[in-house]
Amino acid sequence: MRSNHWNDVVATIAALTLLCASPALADPKADARAAMQSTIDDVLKVLRVPGSDTKARAQQIEDIAKQRFDFTTMSKLVLKRDWKRFTPAEQTDFVSEFTDYLSASYGTRIARYANEDVVTLGARAEVNNDVTVQTAIKGGEFDGATIDYRMRLLTGKWQVIDVVIEGISLVSNFRSQFADVIAKGGPQELLKRIRAKNDAGVVDAPPTEVRTP
Amino acid sequence: MPALKTTQQLRVLLLMGACVALGACSTANGPDPWRETNEKVFRLNEGFDKKLLEPVAEGYDAVAPGLFQIMIGNFFENLTVPRTFLNDLLQGKPLAATQDLGRLTINTIAGVAGFVDVASEMGVPKNQEDFGQTLGRWGAGPGNYIVLPLAGPNSVRDTLASPIDIATNPTTWVNVFGASVVRVVNSRAQYLEEIAQARKDAVDYYVFVRDAYLSSRESAVRDGEAAPATDDDLYELDEEEGAETDAQ
Numbered sequence: 001m002r003s004n005h006w007n008d009v010v011a012t013i014a015a016l017t018l019l020c021a022s023p024a025l026a027d028p029k030a031d032a033r034a035a036m037q038s039t040i041d042d043v044l045k046v047l048r049v050p051g052s053d054t055k056a057r058a059q060q061i062e063d064i065a066k067q068r069f070d071f072t073t074m075s076k077l078v079l080k081r082d083w084k085r086f087t088p089a090e091q092t093d094f095v096s097e098f099t100d101y102l103s104a105s106y107g108t109r110i111a112r113y114a115n116e117d118v119v120t121l122g123a124r125a126e127v128n129n130d131v132t133v134q135t136a137i138k139g140g141e142f143d144g145a146t147i148d149y150r151m152r153l154l155t156g157k158w159q160v161i162d163v164v165i166e167g168i169s170l171v172s173n174f175r176s177q178f179a180d181v182i183a184k185g186g187p188q189e190l191l192k193r194i195r196a197k198n199d200a201g202v203v204d205a206p207p208t209e210v211r212t213p
Numbered sequence: 001m002p003a004l005k006t007t008q009q010l011r012v013l014l015l016m017g018a019c020v021a022l023g024a025c026s027t028a029n030g031p032d033p034w035r036e037t038n039e040k041v042f043r044l045n046e047g048f049d050k051k052l053l054e055p056v057a058e059g060y061d062a063v064a065p066g067l068f069q070i071m072i073g074n075f076f077e078n079l080t081v082p083r084t085f086l087n088d089l090l091q092g093k094p095l096a097a098t099q100d101l102g103r104l105t106i107n108t109i110a111g112v113a114g115f116v117d118v119a120s121e122m123g124v125p126k127n128q129e130d131f132g133q134t135l136g137r138w139g140a141g142p143g144n145y146i147v148l149p150l151a152g153p154n155s156v157r158d159t160l161a162s163p164i165d166i167a168t169n170p171t172t173w174v175n176v177f178g179a180s181v182v183r184v185v186n187s188r189a190q191y192l193e194e195i196a197q198a199r200k201d202a203v204d205y206y207v208f209v210r211d212a213y214l215s216s217r218e219s220a221v222r223d224g225e226a227a228p229a230t231d232d233d234l235y236e237l238d239e240e241e242g243a244e245t246d247a248q
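If you read the protein sequences in the order shown, they are chains A and B.
Residue numbers for the first sequence, in the working numbering: 1 to 213.
Residue numbers for the second sequence, in the working numbering: 1 to 248.
If you're looking for bench data, these hints aren't it; they were derived computationally from the structure.
Hints may contain errors.
[As the list claims (entries may be wrong)] Derived CB-CB ranges, DEER-like:
1) B:S180 with A:G51: 58 to 66 Å
2) B:R222 with A:K66: 27 to 35 Å
3) A:D63 with B:G178: 43 to 51 Å
4) A:T92 with B:F115: 30 to 38 Å
5) B:G59 with A:G139: 25 to 33 Å
[Said to hold, decoys possible] Think about it this way: if two alpha-carbon atoms lie no more than 20 Å apart in a straight line, the pair counts; the simulated SDA-like pairs of lysine to any residue are:
6) A:K157 with A:P50
7) A:K138 with B:L44
8) B:K200 with A:D180
9) B:K200 with B:F42
10) A:K184 with B:A202
These numbers come from a predicted model, not from an experiment.
C-beta atoms are modelled at their ideal positions from N, C-alpha and C, and glycine is treated no differently.
Build out the structure end to end from the sequences listed, making use of the hints.
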């Protein structure tokens, strides 16, 4: 009797401890926010280096982005139902081309914001245990512009699966653009077009056309 | 002439009332059933921009320093705050209304007619509301996507709301052509690099602009809050959906 009673008490304490401890052990919002914060800090560090040229900066930012963005998941989300229309080889091709395409354009964009700061405003829990980390640009022409990072815990690491700039989701926008191309010309046509963008060097070309007077 | 203008606006208002009441603004067949016409107008607008507006904005950008552009932008933005204030009230947002009244007062007086955004420096949040957003809050969907000549991307709802927005923006009260030109060129100059890159990056620029317009408007209606749960399948992997269906 007595030993049974003690067992109950121990079990109860153990259960309560677990209950109390689990929220402290895993706070997805805080974890995702900290992960994104470290990436933002790394990017800002690159932007703060005086005298470095935009192209070199863009390359460094690209490398940092590749550590934090899960391009395979992004590719699957962007293609959605069309993903299955791609053969395994085409899928691999797509992920690789899309990675270059996205990180190049992200890198060039951010590389220009040398005088701006980024503040993390908060984190919001989403369905599927995702977390949205909310940030905003401080200073410059785009003061107050919001950039939200949709994050998901994938193989133990908080990874970005979408970027929402001023309410515009990259995943949603690319899905609309790509769905049309796939509907008309199939996976190969889409691969051809993205490859053409990458070959044209989105990152290397000057941002505006130079006009001769 | 003013009388005629009022009648026209009244007619649009009535039409809008009917549209909202009937829920006729929402469509089932995607957001762009007028795509064929829209694309034509879009190309014309692109041509106008590339041949006239962009080169003018580039010239302006070459002589007008960034800080100057920001100040001009601030000035015109300050003039939209009364409209925001009015729509805060229509949407039942007393806190935002207070912030915007404060912002208008601070920037008009301390910010020298709005050229300096003192309110933001003081940490007053920047809200942006118009009548299209108010209709959205009241439950009106965006309706069909429509590309207007010169004015560009729009929705049926926002087009119908625009007479109210024009009437509540003091810039339109004084019909000074020069002022409008400065406003348009200045804001175009601030987006030179962004638009050039978006054009270059996009696999389909028409679709890019359409999706960006519709998403940012719906996000503005929600004030940047999370989309309703139905939109969340955006982030569900198709294979998971398949697995769920199998289990059922």
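Status of the hints after comparison with the structure:
1. B:S180 with A:G51: 58 to 66 Å: Once the Cβ atoms are compared, 41 Å apart, the range 58 to 66 Å for A:G51 and B:S180 is violated.
2. B:R222 with A:K66: 27 to 35 Å: At 32 Å between Cβs, range holds.
3. A:D63 with B:G178: 43 to 51 Å: holds (48 Å)
4. A:T92 with B:F115: 30 to 38 Å: Violated, since A:T92 and B:F115 (Cβ atoms, about 54 Å apart) do not stay within the stated range.
5. B:G59 with A:G139: 25 to 33 Å: The hint (25 to 33 Å, Cβ to Cβ) holds, given that B:G59 and A:G139 are roughly 26 Å apart.
6. A:K157 with A:P50: Judged against 20 Å, a Cα distance of about 32 Å means the pair is violated.
7. A:K138 with B:L44: Given that 20 Å is the threshold and the Cα spacing comes to 35 Å, the pair is violated.
8. B:K200 with A:D180: Given pair B:K200, A:D180 holds - Cα atoms ~18 Å apart, limit 20 Å.
9. B:K200 with B:F42: holds (16 Å)
10. A:K184 with B:A202: Within the cut-off at roughly 17 Å; holds.
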